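Trainee: Chain by chain, the residues run as shown.
Protein chains: 2
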Amino acid sequence: MGISPPRHRLRIKLLQVGNPNIRFCQACGSPTKQVIPDGEEKVRSVCTGCGRIHYENPKMVVGCLVEHDNKVLLCRRKIEPSYGLWTLPAGYVEVGESAAGGAIRETLEEARAEVEILSPFAQLDIPRIGQSYIIFRARLKTPDFSPGPESLECALFAIDDIPFHSLAFSSVIVTLKMYIEDIKAGKLKFHYCTINKRPGASPSDLRTFDIDYHLHS
Amino acid sequence: MGISPPRHRLRIKLLQVGNPNIRFCQACGSPTKQVIPDGEEKVRSVCTGCGRIHYENPKMVVGCLVEHDNKVLLCRRKIEPSYGLWTLPAGYVEVGESAAGGAIRETLEEARAEVEILSPFAQLDIPRIGQSYIIFRARLKTPDFSPGPESLECALFAIDDIPFHSLAFSSVIVTLKMYIEDIKAGKLKFHYCTINKRPGASPSDLRTFDIDYHLHS
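Chains C and L, in that order, give the protein sequences. Per our numbering, residue 1 is the first one in the first sequence, and the count goes up by one each step. Per our numbering, residue 1001 is the first one in the second sequence, and the count goes up by one each step.
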C-alpha cells in the first residue's frame, strides 16, 4: 500500500500546537514563547532572549531480534512501563553511536548477551508518542545471557511459544508478527510501518493500535 | 560484514563528555551541571534545580529517492551548508509525523513534487554529527516539479548522468551509489550503513568519510 502526500499542494495539513514543556531556552535560560516563526507554518517554542527556535524531533529506539537455535531472545521488564511483560532488548540511541551500535549496547545491558548484527529487520514509527523503533536481526556470539539490571529474566522462545498475551509494547507485537510471517514464508525482508496509537491508550494495552501502512524491501 | 559488541562485557567503551551546549534546563530554567548521574556511566547535563537529566539523541533526516522515467530527482541547494550543490529532497522529521510522512513533506517543500512512497531504501547513520538518514524510494504522482524556497533548481538525472562531483553530502553520495549498484544488479534491497566522518571535515568535502559497515536485507 502506498503513502500519499498532504491533500493540498504546499500546504501543511496540521498546525501543531508547539510544546509547552519546552519552557526555557537550553542555550541562555530565558523563557520561551509559543509562536509561528517568520517563514514557517507551525507553532514553535522560541526563546524570548536569544531568539533560538527549539525544534522537536522523534527519538529512535533501537533493539535486537536475537536468533539462537530457531528461537528468539526476550527480556521480562523489571521497570515501568509494562513491568513484568516481555520485550525485545531495546532502548534509545545516544548521540555518538550508530543505531546498530546502540542495539548491541542495549542487548548487552538488558540481557548480558554479546551479539553480532546480521541485518536490518524493521522500522516502526509511532508518531503519536514521537518514537521510531529500528530493529536488527542479530545472533548470539556465545550461548550466554542473563538478566541485566532492568530485566527480571531473559529467555529464548520458539516462534510458536512467544507469549503474545504478555508482550510489553505494540512495537514488539508488530515486529514479532512480521518476523514469524517471514520465517514461515522462508524469506526475511526489511519492513517499514507506522503504528497509529489511539489517544489515551496505555502502552501495555495491546488492543489500541492500528498499522497505518506497511511497506517492505 | 557483521558488527560486534564492545570489547569488555557490560562496560561502556567511551565515556562521553556531556554536552556543554545544554546549559539550562528546558523545564525549570535552572543552570545544568555536567555530571555522571547515579546508576549511569556517562556524563550528562543534569539540572541543578529540578534534577532532570537531559539526554541527547540523534536526529532523523528523511528523504526521497524519487524515480521517474528511469531517472532520479535531485535538488540544487539554495541554502547553506553546501549551497549550489545537488542533493536528494530531505530534512528533519518532526514529532507527530512518520519518517515516510516527513519524506513526502520535504519533497513537497523542496521540489514542489507530490510523491507516493514505494519502499524503504536505506538508513545511513552518521554518529559523529548525531544524524541518521532514512531514505525511501518514491514515484511522482504527476510529472510536475519546480524549485521550492530552499532550492535553486530541480532536475531529473539518468543514473549515468548523476553529478557525483557536485553532490552536497556524503549521505547522498552513498545512497546514490548503492541505488545505482542495485539498479544495475536488477534487485533493490534495503541498506543499512554507518558513515564515519573524519573529525573537522567540511560537510561538502567528498573525500572525508569511510563506510564503517554495510548490511542489507
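Each hint should be verified, as a subset may be incorrect.
With a straight-line cut-off of 35 Å between C-alpha atoms, the simulated DSBU-like cross-links for lysine-lysine are [said to hold, decoys possible]:
id, chain 1, residue 1, chain 2, residue 2
1, L, K1033, L, K1187
2, C, K42, L, K1071
3, C, K177, L, K1177
4, L, K1184, C, K177
5, C, K189, C, K33
6, C, K187, C, K197
7, L, K1078, C, K177
8, L, K1141, C, K177
9, C, K42, L, K1033
10, L, K1059, C, K59
11, C, K197, C, K184
12, C, K177, C, K187
13, C, K184, C, K42
14, L, K1078, C, K59
15, L, K1141, L, K1184
16, L, K1033, L, K1078
17, L, K1187, C, K141
18, C, K184, L, K1042
19, C, K59, L, K1189
20, L, K1177, L, K1078
21, C, K141, L, K1071
22, L, K1042, L, K1071
23, L, K1189, L, K1033
24, L, K1059, C, K141
25, L, K1071, L, K1141
26, L, K1177, L, K1071
27, C, K59, C, K177
28, C, K141, L, K1042
29, L, K1033, C, K189
30, L, K1197, L, K1042
31, L, K1189, L, K1177
32, C, K141, L, K1078
33, L, K1042, L, K1184
34, L, K1059, L, K1042
35, L, K1033, C, K141
36, C, K189, L, K1187
37, L, K1189, L, K1078
38, C, K189, L, K1141
Keep in mind the hints are simulated off the structure, nothing from the lab. Being a predicted model, the structure only gives us computed values, none of them experimental.
Trainee: Each of the hints needs a verdict: does it hold here or not?
Mentor: Structure-based check of all given hints:
1. Proximity of K1033(L) to K1187(L) is assessed by CA-CA distance (about 51 Å); at most 35 Å being required, the pair is judged violated.
2. Under the criterion of a C-alpha separation no larger than 35 Å, the hint pairing K42(C) with K1071(L) is consistent with the structure, at around 34 Å.
3. Under the criterion of a C-alpha separation no larger than 35 Å, the hint pairing K177(C) with K1177(L) is consistent with the structure, at around 33 Å.
4. Distance restraint check for K1184(L) and K177(C): the Cα-Cα separation of roughly 33 Å lies within the 35 Å cut-off, and the hinted pair is therefore satisfied.
5. Only pairs whose Cα atoms come within 35 Å are accepted, and K189(C) paired with K33(C) is rejected, the gap being roughly 45 Å.
6. For the suggested pair K187(C) and K197(C), the alpha carbons sit about 29 Å apart, so the restraint of at most 35 Å is met.
7. A distance of roughly 44 Å separates the Cα atoms of K1078(L) and K177(C); the hinted pair therefore is violated under the 35 Å criterion.
8. Annotation: proposed proximity of K1141(L) to K177(C) holds, straight-line Cα distance about 32 Å (limit 35 Å).
9. Distance hint between K42(C) and K1033(L) is fulfilled; the C-alpha atoms sit about 32 Å from each other, no more than 35 Å.
10. A C-alpha spacing of about 7 Å is found between K1059(L) and K59(C), which places the hinted pair at or below 35 Å, so the restraint holds.
11. With a CA separation close to 28 Å, the supplied pair K197(C) and K184(C) stays within the 35 Å bound.
12. Restraint check for K177(C) and K187(C): satisfied, since their Cα atoms lie roughly 14 Å apart, inside the 35 Å limit.
13. Only pairs whose Cα atoms come within 35 Å are accepted, and K184(C) paired with K42(C) is rejected, the gap being roughly 45 Å.
14. At most 35 Å may separate the alpha-carbon atoms for a hinted pair to count; K1078(L) and K59(C) meet this at roughly 29 Å.
15. A distance of roughly 25 Å separates the Cα atoms of K1141(L) and K1184(L); the hinted pair therefore holds under the 35 Å criterion.
16. Among the hinted pairs, K1033(L) with K1078(L) is inconsistent with the structure: their alpha-carbon atoms are about 39 Å apart, more than 35 Å.
17. Proximity of K1187(L) to K141(C) is assessed by CA-CA distance (about 31 Å); at most 35 Å being required, the pair is judged to hold.
18. Distance hint between K184(C) and K1042(L) is unfulfilled; the C-alpha atoms sit about 42 Å from each other, more than 35 Å.
19. For the proposed pair K59(C) and K1189(L), the alpha carbon gap of about 25 Å is at most 35 Å, so the pair holds.
20. For the suggested pair K1177(L) and K1078(L), the alpha carbons sit about 24 Å apart, so the restraint of at most 35 Å is met.
21. Taking the CA atoms of K141(C) and K1071(L), the gap is near 43 Å; set against the 35 Å cutoff, the hint is violated.
22. Of the supplied pair hints, the one linking K1042(L) and K1071(L) is violated, its CA atoms being roughly 47 Å apart against a limit of 35 Å.
23. About 45 Å separates the Cα atoms of K1189(L) and K1033(L), which puts this hinted pair outside 35 Å; it is violated.
24. Between K1059(L) and K141(C), the direct Cα distance comes to roughly 30 Å. Compliance with the 35 Å bound is thereby established for this hinted pair.
25. Among the hinted pairs, K1071(L) with K1141(L) is consistent with the structure: their alpha-carbon atoms are about 15 Å apart, no more than 35 Å.
26. With a C-alpha separation of about 14 Å, the suggested pair K1177(L) and K1071(L) falls inside the 35 Å cut-off, and the hint holds.
27. For the suggested pair K59(C) and K177(C), the alpha carbons sit about 23 Å apart, so the restraint of at most 35 Å is met.
28. Between K141(C) and K1042(L) the CA atoms are separated by roughly 26 Å; this keeps the pair inside 35 Å, and the hint holds.
29. The hinted pair formed by K1033(L) and K189(C) fails the criterion: a straight-line CA distance of about 45 Å is larger than 35 Å.
30. Simply put, K1197(L) and K1042(L) have alpha-carbon atoms about 23 Å apart, close enough for the 35 Å limit, and the pair holds.
31. With a C-alpha separation of about 13 Å, the suggested pair K1189(L) and K1177(L) falls inside the 35 Å cut-off, and the hint holds.
32. Only pairs whose Cα atoms come within 35 Å are accepted, and K141(C) paired with K1078(L) is rejected, the gap being roughly 48 Å.
33. Pair hint K1042(L) plus K1184(L) does not hold up; C-alpha atoms about 45 Å apart against a cutoff of 35 Å.
34. Taken as a hint, the K1059(L) and K1042(L) pair is honoured in the structure, with Cα atoms around 20 Å apart against an allowance of 35 Å.
35. Proximity of K1033(L) to K141(C) is assessed by CA-CA distance (about 39 Å); at most 35 Å being required, the pair is judged violated.
36. Between the alpha carbons of K189(C) and K1187(L) the distance comes to roughly 13 Å, so the proposed pair stays at or under 35 Å and holds.
37. Under the criterion of a C-alpha separation no larger than 35 Å, the hint pairing K1189(L) with K1078(L) is consistent with the structure, at around 32 Å.
38. The straight-line distance between the Cα atoms of K189(C) and K1141(L) is roughly 26 Å, inside the 35 Å bound, and the hint therefore holds.
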